[in-house]
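Could you put together the complete structure from these sequences and hints?
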Amino acid sequence: MRLSKIGIRNFRRLKNVVVSFEIDETVFVGPNNSGKTSATAAVRSFLGRREFKIHDFSACEINSLDSFGAGEEVETIPSIQLDLWFSVDPNHISFGQVISLSTGVSVDFTEIGIQCSLELKSRGDLLDDYRAAFPEQEDGNHGRSLSHFLGLEGKLKQHFHISYYSLESTVEDPTPLDPSEGKRVLQRFLRADFVDAQRNIDDENATRSNKLSEAFAAYYKDNLDQAETSEEAIVIIDKNNEELSKHYKKHFKNLMGTIRGLGVPQINDRELRVISALSPQDALKGNTELYYNDPDSEHALPEAYNGLGFKNLVFMAVQIDHHHRQWLATEENRPLCHVIFVEEPEVHLHVQVQQTFIRNMWSLLQDASPEGVNAPQLAITTHSSHILDTVDFSKVRYFRRCGGEEAPAGAIAKHDLTTIHSLRDFAPEEIDDEGNEVDPKVAIAFLQKYLKLTHCDLFFADAAILVEGTVEKLLLPKMIENAAPMLNSNYLTTLEVGGAYALRFAGLLGFLHIPYLVITDIDAVDPANNRKACRSDQPNAVTSNASLKNFFPDVAIAALDAVPNSDQIQSDGNRYVAFQKSEIAEWQGANRKFHGRTLEETFVYGNLLHFSNGTLSIGVELPAEYDELIEAVFKRIGSRSFKKTEFALDLLSTDDEWTTPTYISDGLIWLQNRLNPPVPNPEAAQ
Amino acid sequence: MTSNMIPTQADIQISECLETSRSFAVVAGAGSGKTTSLVEALKQVREQRGQELRQAGQRIVCITYTNRAVDVISSRLKFDDLFLISTLHSFLWGEISRFQNDIREALKSKIIPGHLEKAQEKNTGRDTKTARKAKVKVDQLSIALETIDEVAKFRYTEAAASNYVDGIINHDDMIDIAAHLILTKPVLRKALGFKFPYIFVDEAQDTFDNVVEALNAVCADEGLPIVGYFGDPMQQIYDKRAGSFFGPAEAVNITKTENFRCSISVLNLLNAFRKDVKQIPAGENAERVGSVEMIIIQAPTPTGGRGRYSDEELTQVTSKFDEALEMWDWKNREGVKRLFLVRQMIARRQGFTDLHALYTGPFASSKAQDEYQAGTHVLLKPIIEFLYPLIEALKNDEKKALIEVFRKVSPQFHPQGTNAEKPFKAVLSQALEHAEALSKLWEGGTIRDLLLYCHKHALLDFSDRLIGHLKRKPRDEDFDDENPDHVIEKGDWLADAYFMMSTSEMTNYVQFATDNTPLSTQHGVKGEEYNDVLVVFDDVEAAWNQYSFRKTLTPGTAGEASEGQREKTEKLAYVCFSRAEDNLRILFFSQDAEASKRELVAVQFLSTDQINILN
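One line per chain: the protein sequences are A and B, in this order.
The opening position of the first sequence corresponds to residue 1 in the numbering used here, with each subsequent residue numbered one higher.
The opening position of the second sequence corresponds to residue 687 in the numbering used here, with each subsequent residue numbered one higher.
Hints were generated in silico from the structure; no laboratory data involved.
Don't take every hint at face value.
[Stated by the list, open to error] Simulated DEER-style distance windows between Cβ atoms: (1) B:843 to A:50: 36 to 46 Å; (2) A:108 to B:906: 15 to 25 Å; (3) B:734 to A:90: 54 to 64 Å; (4) B:906 to A:119: 42 to 52 Å; (5) A:108 to B:895: 54 to 64 Å.
[What the hints assert, rightly or not] Only pairs whose alpha carbons sit at most 30 Å apart, straight line, appear in this in silico DSSO-like list of lysine-lysine: (6) A:183 to B:876; (7) B:764 to A:5; (8) A:549 to A:644; (9) B:764 to A:183; (10) A:452 to A:478; (11) A:5 to A:15; (12) B:839 to A:183; (13) B:839 to A:121.
A virtual CB, placed ideally from N, CA and C, is assigned to each residue, including glycine.
This is how it looks when you write it as structure tokens:
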């Protein structure tokens, strides 16, 4: 049996989310404060490993509680809920347990769930207790809100309790379970362990610096064959600690071997050893210390002298293995599912170790599992694109911050909620830009390879900018500085994908609801002349840009030029497609129309003064005659001898203030407003 | 019986079945140490598979017949959670109660239509009581069938009759529903098999046919789950039970031939009486000769109408009984268990015939009758738990016992009660005062007077139901068993009649109800054993036509018994005979004593010197 998905409601920013679980590992990613840790905390709270606090309720539920406290009619008192769904094998022994959640035996089923719900015990009791603590004052208020009252020591626990329900895919409403039965069933179904991010291994404090030794000692105590607590053992210890050191060496051999396999470079030049440091008095407490042994000099270094990354890795390995063995060794009613939540394993690890982390942890667990017993499911929270690089898209769960229901006009859309997208559900378009069928698997593989090669941090960004090429990428920071400086406070990721592939990313970004700006070129070609590149002002010119062809109905340059700005905002306001349009500029004393074909052309037209006075250059003189100028620029920038990257570097190194091309600045300003909605001025509104 | 016993041939066969995961059925005669074999089998599974089962959350279930057996087996296994020792009813209800919609479906498609069909057959439209009752039943069932979809929840209760409209399901229906669901729902069978890979059934002969069929269906395939039955078809003495039982198709049939209980004499009788199993003495009982003797009493031909004794004849019969005891010198012998077919016979000998008549009469529901037999009926409890022990303590001048009675039962005298703060002396004198007053009422008053006194002085916590009976006016109309309102409220007439009784029969009843007499029904001693047993067979006095000891034991003299009579009677006689460890005495009332003796000797039931005749 496997945990297949969890649903969480009203827990902090997780108003109503569903996270599906893979049978092996599931990876939670998302920007900071997107609720990844909350998802873990919800599971932990309902399994009784953490106490609920009043602020675990979502913000709007707290308001509803306060309204109730103020004496208003409230239809439903909020409850925090966790749905745990399991996939079931009807031909496995566990089916005998599973049936305890079913309410019928007439149909076969392969899925069943249990709902845990933190609910108010009694409206009357809560109000009485609250009003007794904060009596009504003359103004009709109670001085403090009900949520404040529930925040007082023990009050939440006193007035709320956990109810349990069974969930079936064929039954609409959850069926209540007897509370003790519910708790028992939950414990029989699921064991969850947690390897937290705060592992304290970098604690400089001397008393804590032997954290790792403690972990080894605990592991020894709980999981390995212990010396009998007999007098004989004390005699042995008394006689020769060395014997015990050998004993440790023997028993830790496998674990040490595994650690060696984790790919830590320095493990090759240093050897781990667990040394017995027992005195007869505390002989049976299992007191061990961990030393690092240099085989050349036989010089042993205490634990505190080793690198943080190494300690972290070993610590996690020991913990995960410990939890797994504890579960394996459960003598009675071993929980049918075991899930280990690992939070931010990347801490202090260098890139190569991060990349092999999941694979190694997985093989460690596989090796320790007896034949026929499932290894635990891992749920890994990470901010590391390197860890992400190594897992299949289908295992990724993307946590996205979002607003509640559509914010009323003028109000700020508060991004205080979360939705979760499972990339298992992501299906790319089956038709590519040329109208050919594409195997979705191939399309996903492409995206994944691309993200891996570029170490892209797409999953952690507030927004993405898809650019045509190197020049845009190089110039982008400067252009942001010039045109939309507020974007500097947002996490942006830039993807250099070119017009042809931007389309492929559109599907993924749309799926993840990540706002993105596409900066592309209009790429005019002559349909009458073998679709060769031509000037944008050629009347019959069309675009060769696959993305533009897809995003807009008409491929004629003239038609694209006429597209109003509002039509460039697409995909429910999540996408802005920026491309060159014609502009009026002064040239030789007259207002002339210019329409750049690429960024470079547009850049020249937007900064004609700089290029004509020689402070900036494209390597040729600009002719004075308008038409010759256009032709010269088109030819020069289209020629092979034009070095785009050098051009960009020149622009970056000049002291002159150049102007950002309008189509780009328009796009950047859109993105700036999209991510940082202007604060409405209440006075101005009046 | 200890666990280091030498395994018998049967035990070895059972052990092989467990190791090779095959179902089996053990026929084990009386005194054969069936429970020991069962417990040893359970222990073997624990030893060999316990760790695995525990880890996977699987359990070994053992279905027994009575709560008492549950306690005995549980304690022999040290209350290990690996085992679910349970009565059949609580086990089945525990497994199906969650499936409310399936229960509803079973009622709709199977159970209620079944009852309806039977009622329709009796609903002849003629103006007879049976037909009128059947008509009422047909109407009720039809309404139930129409409204069953609106029933929110079905509960199983010990009520005599199901009330489908209120969601109440009785014993028999629950068993039928469970068997039906197991037989028709593969999902349920699978779940049960995974949850309980080992299913043991004690007293298999008393399990219902459809339950045996259902359990066999769960264990039909090779390997686990398996079912193991333990029982004795000869000891099936309740109606509608399996009797003979067989495991699934591939199951191994095992017979346990040892007898560890009965003396040689008793064993000889059992082997003469029973044809399918020949028992051999297997324990220290091989050394005990014991004795079996029979007296055939020449009984009068009954003249009391409908084949019953007249009062005069009854007195005559009772005096013959005493005479017979004299002949054996068993008149004052201590510890003899006396077995009668019906309670009526006991009530007569013990002296509580009026109370017995009341509780077996038209005012008593079958629930009230059961509770009367168990001594738990709401009207009787104040007497059994409080007044009788109080009067006894006062009579014997046992002050401590007297205070104990008050403390145990009376809320006022409870350690945390209203009198808790008062000095002991004051409490004692108050208790004595009440006891004296109650003692007076016990001598001269009615039961109503006694209960009113207790209520007035708040000596007892009466239920609302009892207080209601005490406070309302007695029903003045006559009881009419065809008036549905009367039927529902028949408890009113019961209470009224009871309140008017004096206490004269109470001592006798309480002693019987609390098992302080050597008298017992023949049905009530199943599974028990006693050194000396006296069995009384008098078909006329018992007046229970389903049984005939005369026709069964001496068909040549008394005429052939019907098939049903013979089977029932043989089994009950076997149960009675096999209770005796050492000495067995049989008192047999016959209208032709000489002929009966000749016939019994001829069939080698007993030898001629074992049988005497009392004219």
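Each hint tested on the structure:
1. B:843 to A:50: 36 to 46 Å: holds (42 Å)
2. A:108 to B:906: 15 to 25 Å: holds (18 Å)
3. B:734 to A:90: 54 to 64 Å: Given about 27 Å between the Cβ atoms, the range is violated.
4. B:906 to A:119: 42 to 52 Å: holds (44 Å)
5. A:108 to B:895: 54 to 64 Å: violated (29 Å)
6. A:183 to B:876: The given pair, whose Cα atoms are some 24 Å apart, holds under the 30 Å limit.
7. B:764 to A:5: Judged against 30 Å, a Cα distance of about 41 Å means the pair is violated.
8. A:549 to A:644: holds (25 Å)
9. B:764 to A:183: The hint holds at about 26 Å.
10. A:452 to A:478: Answer holds: residue 452 (chain A) to residue 478 (chain A) is near 26 Å, not above 30 Å.
11. A:5 to A:15: holds (16 Å)
12. B:839 to A:183: holds (23 Å)
13. B:839 to A:121: holds (23 Å)
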